[in-house]
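Place chains W, L, B, H and A on chain E using the hints.
Okay, here's what each chain looks like letter by letter:
6 protein chains.
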Amino acid sequence: MTRHDGRTPDQTREVRITRNWLDHAEGSVLVEFGRTRVLVAASFTEGVPRWLKGKGTGWVTSEYEMLPRSTNTRSDRESRKGKVGGRTHEISRLIGRSLRAIIDTKALGENTIVLDCDVLQADGGTRTASITGAYVALVDAIEDARAKGLIAQDAQPLTGSIAAVSVGIVKGEAVIDLDYPEDSTAETDMNVVMTGDGRFVEVQGTAEDGAFDREMLDRLLDKATVGCAELTRLQQEALAATPRERVL
Amino acid sequence: MTRHDGRTPDQTREVRITRNWLDHAEGSVLVEFGRTRVLVAASFTEGVPRWLKGKGTGWVTSEYEMLPRSTNTRSDRESRKGKVGGRTHEISRLIGRSLRAIIDTKALGENTIVLDCDVLQADGGTRTASITGAYVALVDAIEDARAKGLIAQDAQPLTGSIAAVSVGIVKGEAVIDLDYPEDSTAETDMNVVMTGDGRFVEVQGTAEDGAFDREMLDRLLDKATVGCAELTRLQQEALAATPRERVL
Amino acid sequence: MTRHDGRTPDQTREVRITRNWLDHAEGSVLVEFGRTRVLVAASFTEGVPRWLKGKGTGWVTSEYEMLPRSTNTRSDRESRKGKVGGRTHEISRLIGRSLRAIIDTKALGENTIVLDCDVLQADGGTRTASITGAYVALVDAIEDARAKGLIAQDAQPLTGSIAAVSVGIVKGEAVIDLDYPEDSTAETDMNVVMTGDGRFVEVQGTAEDGAFDREMLDRLLDKATVGCAELTRLQQEALAATPRERVL
Amino acid sequence: MTRHDGRTPDQTREVRITRNWLDHAEGSVLVEFGRTRVLVAASFTEGVPRWLKGKGTGWVTSEYEMLPRSTNTRSDRESRKGKVGGRTHEISRLIGRSLRAIIDTKALGENTIVLDCDVLQADGGTRTASITGAYVALVDAIEDARAKGLIAQDAQPLTGSIAAVSVGIVKGEAVIDLDYPEDSTAETDMNVVMTGDGRFVEVQGTAEDGAFDREMLDRLLDKATVGCAELTRLQQEALAATPRERVL
Amino acid sequence: MTRHDGRTPDQTREVRITRNWLDHAEGSVLVEFGRTRVLVAASFTEGVPRWLKGKGTGWVTSEYEMLPRSTNTRSDRESRKGKVGGRTHEISRLIGRSLRAIIDTKALGENTIVLDCDVLQADGGTRTASITGAYVALVDAIEDARAKGLIAQDAQPLTGSIAAVSVGIVKGEAVIDLDYPEDSTAETDMNVVMTGDGRFVEVQGTAEDGAFDREMLDRLLDKATVGCAELTRLQQEALAATPRERVL
Amino acid sequence: MTRHDGRTPDQTREVRITRNWLDHAEGSVLVEFGRTRVLVAASFTEGVPRWLKGKGTGWVTSEYEMLPRSTNTRSDRESRKGKVGGRTHEISRLIGRSLRAIIDTKALGENTIVLDCDVLQADGGTRTASITGAYVALVDAIEDARAKGLIAQDAQPLTGSIAAVSVGIVKGEAVIDLDYPEDSTAETDMNVVMTGDGRFVEVQGTAEDGAFDREMLDRLLDKATVGCAELTRLQQEALAATPRERVL
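Protein chains in written order, with the UniProt record's numbering: chain E, 1 to 248; chain W, 1 to 248; chain L, 1 to 248; chain B, 1 to 248; chain H, 1 to 248; chain A, 1 to 248.
Excised from the complex, chain E in its bound form:
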């Protein structure tokens, strides 16, 4: 089977991770999974939300949002509608929860890191691209804080790395990293967040058309495991390089 864009079932789209795309943020990444393009800004601030004060632990959270014309037809802005939609909330929560899985909040101290994930262009997989990019921005924000003396030289707030990929069943076949045409016709859609050492942080599978059996579930999990390992490699590569200069 070949996919509509010529990829094999196991092949992710071209992934690009451009660090330091912004000048102000403590960490920032423009992450692209094919035509999906998400701008991630990591903001490090001293202090924590009120409900955490005085506990000696930090906080990592995320806000995800799509620009109105990131999609094929324009959507109304949530700010104009005066309320944030369920999907936006759900994905924001997923990203924050995923990142906290690899954060030692004690080691972070009473500091907060907000990961803003703004989808500039959407072509499927915006939440997995967000998580994958946010990890890199998070690393940069923590190193920036260390350099400024806001966390101790030997503090290790990060306990591992994290990456995410979507898998799904399209025309009866399990495939990885679905783009929008695939996603909108998939029978089953699953988002998997994994640590760099191959363990699961989030597994969210949804039957879009009927239900799926255990055997198919197992195949999807196998594919996701391979895909996350590949994304982990790309993250490490991006982090190893001197931050690439922005080129427009």
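Note that these hints are calculated values from the structure, not bench results. One should not assume that every hint holds.
Selected chain A positions facing chain H (Cβ under 10 Å, derived; list incomplete) [to be verified]:
id	residue
1	G86
2	R87
3	G160
4	D209
Where chain A lies over chain H, by a calculated footprint (3+ residues, C-beta under 8 Å) [as the list claims (entries may be wrong)]:
id	stretch
5	73-87
6	91-105
7	205-213
Pair ranges (Cβ atoms, derived) [as the list claims (entries may be wrong)]:
id	chain 1	residue 1	chain 2	residue 2	range
8	B	L52	W	D222	57 to 63 Å
9	A	K171	E	D76	41 to 47 Å
10	L	D209	B	A147	27 to 33 Å
11	B	E215	A	R50	58 to 64 Å
Idealized CB from N, CA, C, for every residue including glycine.
Relative to the frame of chain E, chains W, L, B, H and A by itself:
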């Protein structure tokens, strides 16, 4: 290992499904998983939302909400805060999506069924209790509509049954149907929605503390499969009986 | 004259007061006036709203809300609409004000009691059922606080009891405790809140169709006086009993 | 007993009704009860809200609001807070309901009249001043519509007149038309809306401090009856005169 | 050329400034530019918004709003819509910014003055009338604070005076102080805020129909300069007089 | 005088206009004024808002928003706050109004173009960059619509071109295109929108510190005229080129 309330790892709490708890709704269920108590009302109305008009298909959706004092300490009402929280949105969407997995919207015709799931008392597992109870209320609402001639005598809007259970890892051990004390200390928490014939509709697993490996994931899925089968049996039992009279 | 459900003009519907319907709340009551069914939860918390701090007085307030399918046809949730309607506000304020009439806020100390009145099923008289039930939940919450040492052993925050009933003119005749079919056709509708010793706390009469004269007003007040006395007796009875176990 | 401003218990404050205070509105009144000053605008528009369409009946409603500095200390604007408070809702509903009591909506045809009551200065009794003034503005708006041919020459949408006054118990004594210093110390506060022929449309009594007995309630109703008759006379006087030119 | 109301191009409408129109506010003005009528209340309060605390400087701000029937056809209330419109925000910000241009916030001390500008009747030029009136109310509020000892006897929070006028191009001709019929047909509309000594604080010109050239811009600025000087004179006159008694 | 970044008073920052930065939008531009970076998407849709229906004219509007970390410190999202701030409203309105100045809405037919201007990075001049970029995106969207046959081959909806620049007084000297350090210390700040043939569409000048005299105003207008001419040239250059491929 025994659990804090004496259950075995495979044992769900006492599940009670009281049909027709309300007089007005086309279908209604008071569903209890131990001390968790959810009132489900199924409202059948002719017509569909604007974006579905004229397509000859129906719509099933859900709204979940917790009463302010369903929990151990009082929470502010979302109506007073003027906005619906992310968790509420997320669970409402999950319930609606799960039910739609067993609905043939063509056979439903241009009609809408809303499943209101109001948590009167929360002790863990409110979303799985909601789904399990909502299925029963949905069956009653469809039969009510059939009796009133709102859908055809031979229409089969239901393509199967659906039930949901939580599974998780507590103190290193996989257990089923976590109550609040277990849920709040679980290392991993997974909600699984399955059809009556044993296939998956939703799998949502979250590592609350670190990550979990594939072997543990498999054990959790095994447990959920057994649990959903048991809940399916209880649903059928409830539906077979003459609707029990409300007794307070 | 007989009423559509066989009652005499002076007869309230069957009133049931089930204490401790909830496990978490400091006081709770499921109150039923016929088919009208309201769940009242009394939440006792230490501390007072900011504007009362440091004055040595407590606060009692209430929030009333109807479940979307408590009524004959489903209503949209106020949380989803993003704003609380005028009727909801008005009744919440009435309940809180009524209860404060029998509270010595000095004796309560700097503590707050919130009475959540959620209408599970509506068949007329939801506000009067709420007030009548809320008084019982309030008593239980205060005794609970006393038992926990949150208020002094000899503190007497309650200065009396309170009950409420609706009266109205239906087909030219004054009747008590209107159900929905009566309420929706009444020429005049009046809600009366009275203390256990027969004095008035709130009198809210509205001509729905034309106006009413003084003589009719007097008859309505007479009927309400009798009805509140009866409800007071039922409250005392409920409070005298060992809290009934919940039976579903 | 003399009151703090020298009035007798039965004496209302100086009441002034200035018609046509605005140039655009179909009817408008600046109504003053002493230092309380409310600007009422009656807007007549063809058509009715959606839920009334095609029924051949009209609609009369009201919106009440206080300017932020109408009171002794500035209050935040409800528009800035993003929500309308309970008190505002409650009074708006009271005014609308009161006016509808004397409207034959059939005779009004499918037209809507909105009574905007904006409190420019508050010194107690803003809701009763609003109702009293709104009646006059309503009459003018109906005559304006008749002159423009928007309602028939012989249509009689008004079935009577309406006026409102507050009564209360201050230092144990029943008094009429309380100003703010009296209102804020009253033991009982009652707002009474009556028709020009002496029947009741709304009776809203609230014990602010304890409860009140039937005898006191009767005395308050007596006083209100006298007061509303006096206000009715002043309304007729204002309506009989050539609309007074605005003088500032 | 004569204008539709007989004015010459350089002639403002009749301007009336009535001080102390309200009893509660520290300063208040009913300002009229022809039929445009704005009620300005200046509220002086001790303390400053949180973000200014401890800096030893005061704050002056403004909130502008139109009554629903100030205009020819009724507009919905922003409080009911749950959000403040862009135009309202924009004008509120303009008024506040303009007044701060002549305030020495150090000399004001940690005090706040809010200028509420409520448009009772609109006939063009509501923002310029608001600014012109607000200056007078501001002076009175500062003198009131001085009299009460809230600011020092020798403090000079005011560094000048301020007035505003609209100018525009109507049928090709530059005119001053446009009323609504002119404003709605103007090719260009400009609002100019100037100090009493003839310098500019705000210049906001908008081409409503096409664009305007430099020569026309210069003519508009010339006209505005003359008009603001005239308004400054009227402000001084109003402030020189014993506050006029309110006459209705 | 040299400026802090080495520019002369008359020199704009490096301006880059990258067309077709997005794949979905009918027109799109990434516009950069130095480090200020705005993503503009032009969405062409058939149909017009309700209030324009059936008039045979089109509509052009704009929504401006800043990403939370476009600025030096993170700002809360307006969608999360549930309301759009005054500044956001004001700039959105300015952009829409400016573009409509060069649109013949009759020639556009009953179609709508929305210009979404999202500030990815802010360093002063975001509104002028937005307008300058939006013009280019608008041209592309109109040509795209023409190519798709949505507007007639010979329709000329554009009546000219438009560009915008800021000018201001910094340390007593008039300079052009202020960056954030200059903007935040400027005595006067003016935004000027001009047509390609050198006429004014918007002039918005604000004294940030005191007031400015006519002579300074004239100098600012001179500078703006030169700057807008230069920006017009750059727009034409960008539009003349084959749309540059995106390079990241």
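Status of each hint after checking the structure:
1. G86: 3 Å, holds
2. R87: It holds, given that the least Cβ distance between R87/A and chain H is near 8 Å, below 10 Å.
3. G160: At about 8 Å, which falls below the 10 Å cut-off, the nearest Cβ of chain H leaves the hint on G160/A intact, so it holds.
4. D209: Holds - the Cβ of D209/A comes within 10 Å of chain H, reaching about 8 Å at its closest.
5. 73-87: holds (count 5)
6. 91-105: Held - the stretch 91-105 of chain H has 4 residues with a Cβ nearer than 8 Å to chain A, which meets the minimum of three.
7. 205-213: holds (count 7)
8. L52/B <-> D222/W: 57 to 63 Å: 60 Å, holds
9. K171/A <-> D76/E: 41 to 47 Å: Distance hint for K171/A, D76/E holds at roughly 44 Å.
10. D209/L <-> A147/B: 27 to 33 Å: Hint holds: Cβ distance 30 Å, inside 27 to 33 Å.
11. E215/B <-> R50/A: 58 to 64 Å: Once the Cβ atoms are compared, 59 Å apart, the range 58 to 64 Å for R50/A and E215/B holds.
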